[in-house]
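Fit chain B to the known structure of chain A by using the hints.
Just so you know, the sequences run in chain order A and B. Note that the working numbering numbers the first sequence so that position 68 is 68, with each residue one more than the last. Note that the working numbering numbers the second sequence so that position 12 is 12, with each residue one more than the last.
In case anyone wonders, no lab produced these hints; they're calculated from the structure. There may be inaccurate statements among the hints.
Stated by the list, open to error - Cut-off 30 Å, straight-line C-alpha distance, at most; resulting in silico cross-link-like pairs (DSSO-like, lysine-lysine): (1) B:K173 x A:K47; (2) B:K9 x A:K47; (3) B:K145 x B:K173.
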Amino acid sequence: MVDKSNEYGYVPSSPTQAEGSNTGIFEVNDVTDLLLAGQWTLEDLGKLELIETQTITSSTAQIDFTDLGTGYNVHFITINNFQPATDSQDLNFRVLVGGSVQTGASDYGRAFNINYSNGTNSEDRDPDLDRLRLIPEIGTSTGELANGYLYMYNALDSSKYTFFTQHSTFISRDPHYATTFGSGLYVQSNTLSGIRFYMSFGNINETEISIYGIKEYS
Amino acid sequence: MATNLEFIKSASGTSVSFLDVTDCFSADYDVYYFSLTKVKRAGGIDAFVVIRYLDSGGTVIDQTEYDYAGLETRAYVGFGANGVTNASEIKEIAYGSSNATDIGGISLYVYNPYDSSSYTFLTSQSSSVRAGYGNWGSKVIAVHKSAEQLSGVRFIAEASTYDNITVNVYGVK
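Bound-form chain A, shown alone (with noise of 0.2 Å):
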């Protein structure tokens, strides 16, 4: 597009420019015509996207993202101050496809460790599952709130399995102090169109979710 070869010395072709792959030497008019053919991104690539919050401040049923972007071969999800309405109730989420809730007898595995501050901890595993468990038995008294994250790979690429990593702080009911981390699977490959967070049983009284896209070179 751009040839300015007389400047820099003997350049027999310009090199072939691209939205997030320019290469080359350029002065101010160059990006400006470079802009105007959309051969030039303003872009910051790489970065963590915000896709949507979902702010849950009176009983609900359930929390449905049903926009993942475009894109993106990692999402990151934070959970912030969860609580049930419900006492000692999991949190779980199934995945979308096409709209709809997977929710085959072995469309999930999870293998996750829970670790409670009076020194106990146990495995939370099962490699046929309806559903995936991100935070087990909630308190619902006063201060015991659940917070963590939650890593989504490949959510958008039909020919791979979904895979989760997962780590989360929360008060139980007993009430201990305790901490989940480990992994998850969702068993088909399957181009998702959203994620679903509810309870094992009854609603969710308050939280904040967001899902971030991290947005990569290519």
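Quick look at chain B alone, frame taken from chain A:
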């Protein structure tokens, strides 16, 4: 305070026994995020993703300068805890089979690699699938016990090769 991720570079390999992500550390960042979602192991082998660092000259560090500890979280059998001192590499980063979906996701953080006065620390978490068994995950901590400036990371396919591997590196700013 960190406010964002800034893309540094991407590296890819095909039919390789290891992939070097070179010159990804600098004075611009203290903390680095490595994201791996496209890792496919060659057929027939179930084995670990292993890493070693590259020193400031780009030479792989294979001396016994690593300590690491990891918990394998497996959906199909009891979990396994492993800890090794004075190792020549960091194992447990992820575990993969050669099936079509292979290794799903690895999020790996490296702390202070460019600081010549500090050890380099690592935390990592993975989720993959072992063919015929189910979900395999790991949570790993590691330290490189030499106060020196590092320039990159080598991702090694234990006992095998990678059909494909792509690594994206971000600075936490």
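We went through each hint and held it up to the structure:
no., hint, verdict
1, B:K173 x A:K47, "holds (10 Å)"
2, B:K9 x A:K47, "holds (12 Å)"
3, B:K145 x B:K173, "holds (25 Å)"
The structure agrees with every numbered hint stated previously.
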